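Engineer: Chain by chain, the residues:
There are 2 protein chains.
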Amino acid sequence: MSFEPDVLQGFVQRYLDTVVSGSADDVAALYAEDATLEDPVGGGEVHIGRQAIAGFYKNVSGAEITTQLLSFRAGGSEAAFVFAITVGGAMKIEPIEVMTFNADGQITSMRAFWGPQDVTQL
Amino acid sequence: MSFEPDVLQGFVQRYLDTVVSGSADDVAALYAEDATLEDPVGGGEVHIGRQAIAGFYKNVSGAEITTQLLSFRAGGSEAAFVFAITVGGAMKIEPIEVMTFNADGQITSMRAFWGPQDVTQL
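Taken in sequence, the protein lines are chains A and B.
The numbering of the first sequence is the working numbering, which starts it at 313 and goes up by one.
The numbering of the second sequence is the working numbering, which starts it at 313 and goes up by one.
Hints were generated in silico from the structure; no laboratory data involved.
Chain B is faced by these chain A residues, among others (derived, beta-carbon under 10 Å):
{"id": "1", "residue": "V353"}
{"id": "2", "residue": "S389"}
{"id": "3", "residue": "W426"}
Looking from chain B toward chain A, a few residues come up when the C-beta cut is under 8 Å (computed):
{"id": "4", "residue": "S383"}
{"id": "5", "residue": "R385"}
{"id": "6", "residue": "A386"}
{"id": "7", "residue": "V394"}
{"id": "8", "residue": "I408"}
{"id": "9", "residue": "G427"}
{"id": "10", "residue": "D430"}
So these bits of chain A aren't anywhere near chain B, every CB distance computed over 12 Å:
{"id": "11", "residue": "V331"}
{"id": "12", "residue": "S333"}
{"id": "13", "residue": "L434"}
As the structure is a prediction and not an experimental result, all values here were calculated from the model.
Note that beta-carbon positions come from the ideal geometry of N, C-alpha and C, so glycine has one too.
Build out the structure end to end from the sequences listed, making use of the hints.
Structural biologist: Listed below in structure tokens is the structure:
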């Protein structure tokens with residue numbers, strides 16, 4: 313299974329837009345029922361299933377968020393990308409993320425690579 | 313198992329330096345015996361084992377190569393990074409790669425996300 317790069321980039325942009333303007337449940341609805349989320353990678357916690365994933369996004373909801381896609385690479389049914397996210401106008405993080413998608417375009421896994429050294433206080 | 317970000321970045325820089333100045337066998341020697349390599353992701357071919365990996369690098373040896381690390385993110389025992397590689401002064405590719413490492417600092421998997429749209433003719 314494989315998507316055209318433009319289609320994958322559309323999935324990623326929809327995700328980044330929903331993080332800005334949607335609820336935690338809206339973001340979780342972009343994920344497959346049995347999806348996994350690891351953010352940050354190496355942090356020791358993997359969230360499994362849409363309900364756990366909604367819980368993860370609830371932790372950041374409430375703050376004003378902006379997102380910007382900086383670099384995008386397609387790979388079959390996967391995408392790797394660099395993006396910037398600002399939280400409450402107070403800090404900016406620039407992770408590298410890897411996402412996998414199923415045939416319905418749902419996110420089946422998300423892994424975010426970043427650490428304290430990738431956070432800028434604004 | 314986890315490495316400090318600086319250590320992981322050192323592993324990645326050593327890899328990029330060896331791609332420039334080493335032989336295919338030198339590069340393969342940075343990989344674990346049972347490592348896997350997928351380049352590009354979604355290309356349908358996964359090279360398994362150090363011998364197959366040496367074969368992959370032999371295909372690009374002979375050309376003059378330059379590499380430059382553009383962005384780096386650490387994640388436990390993994391690294392995600394953006395880099396530029398030029399081949400024979402004729403083309404430049406900017407992949408996003410994800411590498412995993414074992415306790416000895418050997419690469420256990422490498423996955424490179426890029427496609428024709430990420431290649432620039434020089």
